[in-house]
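Asks: Sequence:
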Amino acid sequence: MQPIMNPKYPGLSVRVADEGFAPYIWGSDFSFEVAAYGVAEIGKPVEQWRVTPITPYRKCYGIDPEEFSSFRDAADSAVFMAYLDDEPVGHLVVSTNWNGFAHIDELAVHAPARRHGVAKALLDVAQFWSRKKKLPGIMLETQNNNLGACRLYERCGFVIGGIDHLRYRGIDPNTAEVALFWYRLFDNPLENPLSSKASPRLVP
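Mapping of the sequence shown onto UniProt numbering: residues 1 to 204, in sequence order.
Wrong hints could be hidden among the right ones.
Straight-line Cα separation of at most 30 angstroms, BS3-like style, residue types lysine-lysine; simulated pairs [what the hints assert, rightly or not]:
#, residue 1, residue 2
1, Lys133, Lys120
2, Lys120, Lys134
3, Lys44, Lys120
4, Lys120, Lys59
5, Lys120, Lys132
6, Lys134, Lys44
7, Lys44, Lys59
No wet-lab data here; the hints were simulated from the structure.
Values in this document were obtained by computation on a predicted structure and should not be read as measured data.
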């Protein structure tokens, strides 16, 4: 597969993951600051959610590069890496879920590379991959303490399809984290599946 370029950010490209995936994971910082918890409501924009500020802390997900090794070069899944000026700065793991939707199993961006369009470019690739497979849409999960991600998904056309207040109670009975399930439905019959404005551009 040829590299996928984002015309808005000339130094940004997305490629199928290669042997550099593990070193990139080990050398990256995927943590983010949590400063508030949002009270999500289906059908209500993120900016209208009630927000409870907290003492800020950094949250980091432990990412194991071997966890998704079987997703590479598979018929129903893929792993992509984003590059800024040829430096790996983000990744996307996408697969076909049991319910027929594409499922974003993981999307992460190296902290110093954020606000350069990396996450948006990876979401564009997920959409391109899903449409090529003629899937009806994309789904993913995030939490109510990652409000930046929630705003991004909303801007990219995702809507909340479900809210789970109990998902993380087995880890911490007192947690305030709530699982939010986002969906991007390909339900516009006027939209060209492979040439929408949101789709990335393949370059020779």
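Asks: Quick one, are Lys120 and Lys59 close enough, alpha carbons at most 30 angstroms?
Replies: holds (21 angstroms)
Asks: Take the C-alpha atoms of Lys120 and Lys132, compute the straight-line distance between them, and say whether it is at most 30 angstroms.
Replies: Cα-Cα ~18 angstroms, so holds.
Asks: Within a Cα-Cα threshold of 30 angstroms, do Lys134 and Lys44 meet the stated pairing?
Replies: Roughly 29 angstroms separates the two Cα atoms, so the pair holds.
Asks: Given the hinted pair Lys44 and Lys59, is their alpha-carbon gap at most 30 angstroms?
Replies: holds (26 angstroms)
Asks: Check whether the Cα positions of Lys133 and Lys120 lie no farther apart than 30 angstroms.
Replies: Holds, because 20 angstroms separates the two Cα atoms, which is no more than 30 angstroms.
Asks: Next pair to validate is Lys120 with Lys134; report whether the Cα-Cα distance is within 30 angstroms.
Replies: holds (21 angstroms)
Asks: Measure nothing beyond the straight line between the CA atoms of Lys44 and Lys120; if it is 30 angstroms or shorter, mark the hint as holding.
Replies: holds (22 angstroms)
Checked against the numbered hints given earlier, the structure satisfies every one of them.
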